[in-house]
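*Asks:* Sequence lines, in order, name chains A and D. Each step along the first sequence adds one to the number in this note's numbering, with nothing skipped, and position 21 is 21. Each step along the second sequence adds one to the number in this note's numbering, with nothing skipped, and position 216 is 216.
Everything hinted at is true.
In silico DSS-like pairs for lysine-lysine, Cα to Cα no more than 25 Å straight-line:
(1) Lys242/D to Lys14/A
(2) Lys214/D to Lys59/D
(3) Lys214/D to Lys40/A
(4) Lys14/A to Lys235/D
(5) Lys59/D to Lys209/D
Hints listed in this document are in silico derivations from the structure and should not be mistaken for laboratory results.
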Amino acid sequence: MAAGFEGFEITWRKNVFDGAALPRKEVTHFGTRGVNFRAKKPD
Amino acid sequence: MTEAAYRDLQLPEGSAVREGVEETDTGVFKTFVFLPEVHVEYDREAIRARFSNDNAAVKILRDEISREYTEVATVPARGYHFNTGRAALAMNGYQQDWLEGIPESVIVSFSGMGNPFAMGMPVDGEYVVDIGSVAGLDATIAARVVGPAGHAVGVDMTQAMLDKADAGKAEMGLDQLEFRHGFAESLPVSNGWADLVISNGVVNLSPDKDRVFKEIFRVLRPGGRIQIADITVDKEIPEGAKRDIDLWTN
Numbered sequence: 001m002a003a004g005f006e007g008f009e010i011t012w013r014k015n016v017f018d019g020a021a022l023p024r025k026e027v028t029h030f031g032t033r034g035v036n037f038r039a040k041k042p043d
Numbered sequence: 001m002t003e004a005a006y007r008d009l010q011l012p013e014g015s016a017v018r019e020g021v022e023e024t025d026t027g028v029f030k031t032f033v034f035l036p037e038v039h040v041e042y043d044r045e046a047i048r049a050r051f052s053n054d055n056a057a058v059k060i061l062r063d064e065i066s067r068e069y070t071e072v073a074t075v076p077a078r079g080y081h082f083n084t085g086r087a088a089l090a091m092n093g094y095q096q097d098w099l100e101g102i103p104e105s106v107i108v109s110f111s112g113m114g115n116p117f118a119m120g121m122p123v124d125g126e127y128v129v130d131i132g133s134v135a136g137l138d139a140t141i142a143a144r145v146v147g148p149a150g151h152a153v154g155v156d157m158t159q160a161m162l163d164k165a166d167a168g169k170a171e172m173g174l175d176q177l178e179f180r181h182g183f184a185e186s187l188p189v190s191n192g193w194a195d196l197v198i199s200n201g202v203v204n205l206s207p208d209k210d211r212v213f214k215e216i217f218r219v220l221r222p223g224g225r226i227q228i229a230d231i232t233v234d235k236e237i238p239e240g241a242k243r244d245i246d247l248w249t250n
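Chain A with its partners taken away, still in its complex shape:
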């Protein structure tokens, strides 16, 4: 990860576009997913 962070971790991944009122085909085509991630600036 850029900029010197450490401990980068993706903790969750989900199709958060599911059920949207105006679905777009690109979400399926590119496999777009919502993610949660964390990292830390070194001490």
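Once you've looked at the hints, dock chain D against the given chain A.
*Replies:* Showing chain D alone in chain A's frame:
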């Protein structure tokens, strides 16, 4: 090139050459393809300048994103390609007790892509920055948790969202909550101020994500954390799609 040409060329020692065989009407020839080593020097300052607000393309992109999120602020029930409000909050795992007492006007314009608090809540007295705070939900949750000894700053570039967030703050009476106009690439926060930086569905909208993370690094204290929700893709985005402004904003 042919074998004779290869010998005559006297390439520098260590040059990469791929050997092969080519069959033609006049015979079979041994071939040599010279693979020159190419050094590309990136002018990072020139790249940065491309993404300043003086750049017309960046300004157009920001204006289009602001236009879209002004709609989310003012007409949240219109329907979008992403989920909003309580439907999005439930999908992203927000706990009901986090939302209690927060004005519905703030909740309905939530448009996050995940849940920064799923990776841990801030603690009492901490300083938190929310990049792209939209109507202020995540910053408000953080402000309540850090309490009067802490502080939460939401940063957003869309005035309609800032207005909505400020109205929600006034309704809740949280002195430790503040909203500032600004951009993810140039945060209006001093060096080393924050214990925690959160963001929800915003970094993907920046044309210069590297710069965004450098800004986050700058505003964090040593040992500070980032807890970010955003989007990823499984396939590389082709250049044509990157130039499609509708895919950035819609």
